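Undergrad: Here our numbering is used: the first residue of the sequence shown is 5, the next is one more, and so on.
Since no wrong hints were added, every one of them can be taken at face value.
Here are the computed lysine-lysine pairs in the DSBU-like style, where the Cα-Cα straight-line distance is at most 35 Å:
(1) Lys50 to Lys12
(2) Lys29 to Lys7
(3) Lys7 to Lys50
(4) Lys96 to Lys50
(5) Lys12 to Lys96
(6) Lys87 to Lys12
(7) Lys50 to Lys87
(8) Lys50 to Lys29
(9) Lys12 to Lys29
(10) Lys7 to Lys87
(11) Lys7 to Lys96
(12) Lys29 to Lys87
(13) Lys96 to Lys29
Restraint-style ranges between C-beta atoms, simulated for each label pair:
(14) Pro13 to Arg81: 25 to 33 Å
(15) His111 to Tyr61: 21 to 29 Å
(16) Lys87 to Ser48: 13 to 21 Å
(17) Glu26 to Lys96: 32 to 40 Å
(18) Asp80 to Gly36: 34 to 42 Å
(19) Leu98 to His56: 39 to 47 Å
(20) His66 to Met5: 19 to 27 Å
(21) Asn69 to Glu129: 24 to 32 Å
(22) Glu60 to Asp101: 21 to 29 Å
(23) Leu98 to Arg76: 18 to 26 Å
In case anyone wonders, no lab produced these hints; they're calculated from the structure. Because the structure is a prediction, the values reported are computed rather than measured. The C-beta atom is built at its ideal place from N, Cα and C for all residues, glycine as well.
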Amino acid sequence: MGKVYRHKPGAPDEYLGRVEPESGKVYRHRRGPDEYAGRVELDSGKVYRHRHGPDEYLGQVHLDNGEIYSHRLGPDRYVAKVKSNGHIYGHKSLSPDDYLGKVEGMHSLAEGGAAFFLLLLHAVEEAEVGVGED
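Sequences and hints are given; from them, build the entire structure.
TA: See the structure below:
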């Protein structure tokens with residue numbers, strides 16, 4: 005099981021949830037039972053958000069190099085990279101990429117892509133606007 009953590013400078017990293025390596029299912033940590041957030045296709049790297057009706061395609065991680073692309077009309081956009089050690093970096097144009105967090109116990113780069121789209125991205129965006137901060 006890959007445990008997903010958001011990096012918090014100067015503080016302990018925040019546990020966000022987990023990725024199941026056998027099924028590719030992603031669960032968001034919360035009080036009570038964890039919430040099913042979506043899934044990744046382990047053989048293709050395609051990531052889907054769970055919702056009522058058909059799941060929403062978010063993007064894909066390239067399994068050969070760890071580059072993560074967000075789906076949109078036109079060409080997909082490069083947004084992040086996952087390394088084989090489980091570290092995930094958000095892409096920034098013309099400057100060094102930001103370290104966002106990690107997946108401990110990661111078995112596949114597909115797990116890192118799922119962690120980025122379904123757990124880390126939301127947590128990082130919340131932190132940027134100050135929602136849910138202590």
